[in-house]
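Asker: Next come the chains, spelled out residue by residue.
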Amino acid sequence: KAGVTQTPRYLIKTRGQQVTLSCSPISGHRSVSWYQQTPGQGLQFLFEYFSETQRNKGNFPGRFSGRQFSNSRSEMNVSTLELGDSALYLCASTPTQGDGYTFGSGTRLTVV
Amino acid sequence: AQSVTQLGSHVSVSEGALVLLRCNYSSSVPPYLFWYVQYPNQGLQLLLKYTSAATLVKGINGFEAEFKKSETSFHLTKPSAHMSDAAEYFCAVSDGSNDYKLSFGAGTTVTVRA
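These protein sequence lines are chains A and B, in that order. With the numbering used here applied, the first sequence covers 7 to 118. With the numbering used here applied, the second sequence covers 1003 to 1116.
Heads up, some of the hints might be wrong.
[Claimed, not checked] Interface residues of chain B toward chain A, partial, derived using beta-carbon atoms under 8 angstroms: (1) Tyr1041; (2) Gln1044; (3) Leu1048; (4) Phe1092; (5) Asp1101.
The hints are simulated quantities; they were obtained by calculation from the structure and are not laboratory data. Note that the structure is a prediction, hence the values are computed from the model and not measured. C-beta: ideal position from N, C-alpha, C; glycine also.
Build the full structure now, drawing on both the sequences and the hints.
Answerer: Listed below in structure tokens is the structure:
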């Protein structure tokens, strides 16, 4: 079956711009989470959605937001980009907590 | 709140030797524990998971891990390293209170010497 699909794979943006990243989870997976990965901070939790509701949010500024649609697809948005937002953004989905998340290949965001 | 500590940011082993990656966790409730592997420019791939069914867990690619509650550990092993095992490995914990958030360790990079 198809895995978790993230688009685009690579993105270059300028400071101050905003960006939207997309994630299509595995069919039937209603929980979708987002993580930021950087060399300095490692893997950090951004937020988790379940049936279009944000259930949990990590310690990130309000510039980071997300949403989930009725078909479980999810988007995350970062406004007023800063250089420090350069990272690999990973989306993951799961049917239940104990199954473990399946991750996408990520979107590599570079802010210049 | 849960947290994960991975001992050793880099591990170097010879091909055919034992791979041992250490992970200790803290969790206020019985946890779910996972090991993931990441190859360059890729996402994370689930190696194995502990969900209280058995303390010794077998995963893909010959890896296994043992859950030890008394030591709050979940170390990952593979009896014989292969060149293809060179990657970064992450231990992660999710507590059992229906909080789906994963907390990751800092990761351990494994290099395999021929």
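Asker: State for each hint whether it applies.
Answerer: To see whether the hints hold, each was checked on the structure:
1. Tyr1041: violated, 10 angstroms
2. Gln1044: holds, 6 angstroms
3. Leu1048: holds, 5 angstroms
4. Phe1092: holds, 7 angstroms
5. Asp1101: Cβ of Asp1101 of chain B sits 6 angstroms from chain A, so the hint holds.
Violation of the numbered hints given earlier is confined to hint 1; every other hint is satisfied by the structure.
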